[in-house]
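Peer 1: Protein chains in written order, with full-length UniProt numbering: chain C, 1 to 343; chain D, 1 to 343; chain P, 1 to 343; chain Z, 1 to 343.
Incorrect hints may appear among the rest.
The list treats identical chains as interchangeable, and a pair is accepted whether it falls inside one copy or across any two copies.
Here are the computed lysine-lysine pairs in the DSS-like style, where the Cα-Cα straight-line distance is at most 25 Å [as the list claims (entries may be wrong)]:
| hint | residue 1 | residue 2 |
| --- | --- | --- |
| 1 | K320 | K151 |
| 2 | K156 | K202 |
| 3 | K169 | K199 |
| 4 | K151 | K315 |
It should be emphasised that the hints constitute simulated quantities derived from the structure, not laboratory data.
Keep in mind that this is a model prediction, so the values were computed, not measured.
Protein chains: 4
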Amino acid sequence: MIIVMKPNTSKNIIEDFIERLQNKGLIVHTDFGDKYCILGLIGDTTAIDPEQIQAHDAVEKVMVVQEPFKKANRLFHPEDSVIKIGNGSIGGGKLSVIAGPCSVESEDQIVSIAQDVKQAGASFLRGGAFKPRTSPYSFQGMELEGLELLKIAREKTGLPIVTELMGTKMLDKFVEDVDVIQIGARNMQNFELLKELGKIDKPILLKRGLSATIEELLMSAEYIMAGGNENVILCERGIRTYETYTRNTLDLSAIPAIKRQSHLPIIIDPSHAAGMWWMVEPLSKAAVAAGADGLIIEVHNDPANAKCDGQQSIKPKKFKSLMDSLKEIEKFKWSFDINEIGF
Amino acid sequence: MIIVMKPNTSKNIIEDFIERLQNKGLIVHTDFGDKYCILGLIGDTTAIDPEQIQAHDAVEKVMVVQEPFKKANRLFHPEDSVIKIGNGSIGGGKLSVIAGPCSVESEDQIVSIAQDVKQAGASFLRGGAFKPRTSPYSFQGMELEGLELLKIAREKTGLPIVTELMGTKMLDKFVEDVDVIQIGARNMQNFELLKELGKIDKPILLKRGLSATIEELLMSAEYIMAGGNENVILCERGIRTYETYTRNTLDLSAIPAIKRQSHLPIIIDPSHAAGMWWMVEPLSKAAVAAGADGLIIEVHNDPANAKCDGQQSIKPKKFKSLMDSLKEIEKFKWSFDINEIGF
Amino acid sequence: MIIVMKPNTSKNIIEDFIERLQNKGLIVHTDFGDKYCILGLIGDTTAIDPEQIQAHDAVEKVMVVQEPFKKANRLFHPEDSVIKIGNGSIGGGKLSVIAGPCSVESEDQIVSIAQDVKQAGASFLRGGAFKPRTSPYSFQGMELEGLELLKIAREKTGLPIVTELMGTKMLDKFVEDVDVIQIGARNMQNFELLKELGKIDKPILLKRGLSATIEELLMSAEYIMAGGNENVILCERGIRTYETYTRNTLDLSAIPAIKRQSHLPIIIDPSHAAGMWWMVEPLSKAAVAAGADGLIIEVHNDPANAKCDGQQSIKPKKFKSLMDSLKEIEKFKWSFDINEIGF
Amino acid sequence: MIIVMKPNTSKNIIEDFIERLQNKGLIVHTDFGDKYCILGLIGDTTAIDPEQIQAHDAVEKVMVVQEPFKKANRLFHPEDSVIKIGNGSIGGGKLSVIAGPCSVESEDQIVSIAQDVKQAGASFLRGGAFKPRTSPYSFQGMELEGLELLKIAREKTGLPIVTELMGTKMLDKFVEDVDVIQIGARNMQNFELLKELGKIDKPILLKRGLSATIEELLMSAEYIMAGGNENVILCERGIRTYETYTRNTLDLSAIPAIKRQSHLPIIIDPSHAAGMWWMVEPLSKAAVAAGADGLIIEVHNDPANAKCDGQQSIKPKKFKSLMDSLKEIEKFKWSFDINEIGF
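Just chain C, same shape as in the assembly (with noise of 0.2 Å):
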């Protein structure tokens, strides 16, 4: 960390402040020039809070030079960490897809949308339960009835479930009965829930939060890892912005700048970004040439009768045409190579 002190401040200043920053247990350089004192900090400034710093009078600017993530880090861990899940696993260089309905509806809805992405070539199923809603009035998931009807499905396919938590009720069931817990954009910063997160060692899929910087992203993994669990697989959604064309706007520049920020995995979300079925398709293309570990799609025998989010699902037979393209395009995608971008 770097911080700059205001013009004029007098040396008495100047040295009582370098004195609480040592006993922080940081080491202080200082750097007198004919305007400004510059200090440098040395040491593991994770822990002070540029803000807090900044409050002081006599402070004109801070710099943080090292991110303020640990664990999620990959100066600390430079090898790509792969996300076990079953006989699966997300992250390391092969492309692993996601696909399901936004919301369970039936034993039949399910189980046959699973047997078709199954066959198309995902690895994954996904389906809401529980739904985060905007309105109260909107249908809100079938719940733990909907939780039964993907178990049903995950043993008629064998495809791991994915689905949706939306705080810590139900965590003690998820953590029985799902294979990767779902964090939603909108619970990105639920500390408490991220906490208990923490505490349990099932794979988690976090969402980027509709503005969140990529860096409160990975300081949202940081509070799980740190905690203790370090399966966190990251999820770029689309970010909200003034354009309203499309319902967000995804960010895909957050997949090469994740890769030379943190280890860990980071999928796409097509279908959420736009808003719109038929962007799924080039969204999805996209993301896998851009290097993505992963997509989650949602697929949907009968969109326009879906409870949920049908305007943006796309159908079984595209689905399968889809994938293979982007079997194609995989070999062609950039990935990261920590020689040439180096830190």
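Position chains D, P and Z relative to chain C; hints supplied.
Peer 2: What follows is chains D, P and Z alone, placed relative to chain C:
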């Protein structure tokens, strides 16, 4: 709700679609132009999901005419709501000020600040016991001990206490100990929590999410109200934009916007918005002039040593002089006039 | 255009309002519900300003059904436009790559880079002679001398040249010397300039403004086309969001969005979007996979000593290997199918 | 400027890099920590491009300590600038109000509104003769005829006129006829135009771009000032965010932010910000309370029939009562105190 069908949609498809809407209890008016067929839905459309409608192949566009919130809607409750808190209240025209430190640090600190802000004219004491922090390595608050100290400060000053709840885990404790439960920006769409808040009758201070629209803020209030708790106070605290000079951009147009759409009180948090203590004065004055029902301001007797957010806290003396000006500005503030602005 | 009148508006006022609309040559359908009266306007509504309609006291909401652009609209021109440039072209399915340095610095530099990018497969040479710089103290380009050097590079390689025009002052010179006139993001709504561009027939590369919506980009294209010049190539180059890791956020969903709404070619600028050279490869691959008609890439033989934007330039060797991959990805890219996506 | 070199950069590379910086006339302080080498640059760094520095392979991060603007910087010009306009002025503590219609429509209209706003206390008359419109099919203003009508209104009321210049074409005419040349948000970074404005001495009202940072606004002012014209008045008119209820989000924190960084006057445009007439009153009151040097307000005697922006115009009677309140609020407004806020 108005639905525009795609050009060249066959009559059969349109008729089939209309029947489905009628089955949901709606009256459907149709208007066949030369190119587009337009459907107008009459009845309670709050349970109809516009995105589900949009999923239909033959639908070109959907326009929502009526806001999707009912209990929070001024249309059905023209008078301002006044939320009772102890002997005091928030809403209904007079200015209420909540003040105190970012976090409770010691008995001396919280009691002394409480006395200072009371003397300056504050009606409520704020202070964090449980703190939402971006980093797991930052100070997380004094937790239960902090809550006890807040109660001591309340006893010594008579000021009702406002403090943040981080999830459902501590809800019962907060219902017992706290006067107003604050829900932070990051939990505005923690739906599991919102549902629980609907079951109690404690006043809720609901902060606008970092990138929540005004409609989404009102929909989160609706969640709480739909559950049975109508004691909701809204709070604008700055939204995330591209500007980096300030931490967030305070959106004061949210005051008139909310006043027109809802009967709920709306207060402003100038401290978190800008993230700089010297902006608290201009933004507080602006908020009062624009018709805010109240302010929530961070006051600290030693900002440079505060455990969090010192850079955005003002000192008690500054707070006192600010309060004096605010009382004068209040006399000329904007206030909503239903006859002038109407619906 | 659909207009919803406020509830309880008197019939007299509505009739008077309808008459005014009819006087503008429109047919007005009316639909009286129990609460809202809805007007549907039939005819050419592009000349009707929705904000002016909204200004009427009795109007609740306005919904625009038809896009406000005509000449750029795919609805009236279903086939892709192909823009001819010298012996080459942009648009219509095949990938076109424009490459070269941020700014022209010397004859050696521009000729050598031109030869390198041509050999790697680029079809056009880019290079700034007049540079838009945020600071008046930054290098402003070699100006007319730079233009001469570009012409030499064209002569030596046969590559048509693409370079930025900063205003109307140099327009005649550019018409004479340049193959494609580039209009930068900051000038996308420089309407005086757009009107002049409509009077010539030189191809225009129109970059999306930093915070322009897709519709606004198409409206700026419409300005040029309405003036008589239909040779417009659109360019997405990253939009401004709250994320600070990248300079801008590349919006690849703009590709399918524009393909559906317009017949104009759309190319991608991965260099300016991210502002970091090592993101050019993943973003270029993603752009091609998502169906872009072309790319504009900054290539420099000595980025660390470039006079501008060196941090986002790749070296010729990197460019060559990238071009090889792009040709493979192109085979599996998304392409717009009017029968599948329709209107 | 502070430069952090990448860890493990060889001493040779660092020394070579330092030499290059020294060759630009800078003194370079170095500080070798255990991991990072840090360089502090002393001297005039405004001509150094941080992005160019960033392009060097061995550079990890760059922090700019001093703002990149000089002539607009309060650091070198501590007193408020007061811009003289005819017998009046803008800046320096007293509130100045510019009022009038969006566009000039007829002699009757502009003269009558001019008389009304003068009587209510406005000091300047606004009115568009050349209009920037998103659509080429919208009313583009009365152009030269409109300019003549503004001159008639000035003659009849004595109010200096403020009107928008769209490019360099009409510059000479505006210098001759107009009192303040307004540069719209879309032209804030039209650098060709800014350079021409630097050569005249007419006061310039420079509007902040739709997504311009405060620093970029000040850099555009610097362009004009660096050319020789120091008569610049800044204007905040709402920035583009994700919120759709209002047209733009008025950023009132720009007032204190600009006051701290610059000596130039800053005025607020509440009409364009919200895009709704009934928000003009609360936002105007807020702007004055927050310390704005002035306001620019759209007033129209017949908004429903205005040729543009009627929905955001208030009537003369409303304007009069607003002016009366503003005079009271002004007495308690925030004002910048260099001793309190310092640098």
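Peer 1: It remains to establish, for every hint, whether it holds in the given structure.
Peer 2: So, going through the hints one by one against the coordinates:
Within a single copy, K320 and K151 get their C-alpha atoms as close as 23 Å, which meets the 25 Å cut-off; across copies the closest is 50 Å, which misses it. Taking the shortest alpha-carbon separations for K156 and K202, only the intra-copy value of 22 Å comes in at or below 25 Å, while the best inter-copy value is 47 Å. For the identical chains of this complex, K169 and K199 are neighbours both inside a copy (15 Å) and across copies (16 Å), given an alpha-carbon limit of 25 Å. For the identical chains of this complex, K151 and K315 are intra-copy neighbours only, at 22 Å inside a copy versus 52 Å across copies, given an alpha-carbon limit of 25 Å.
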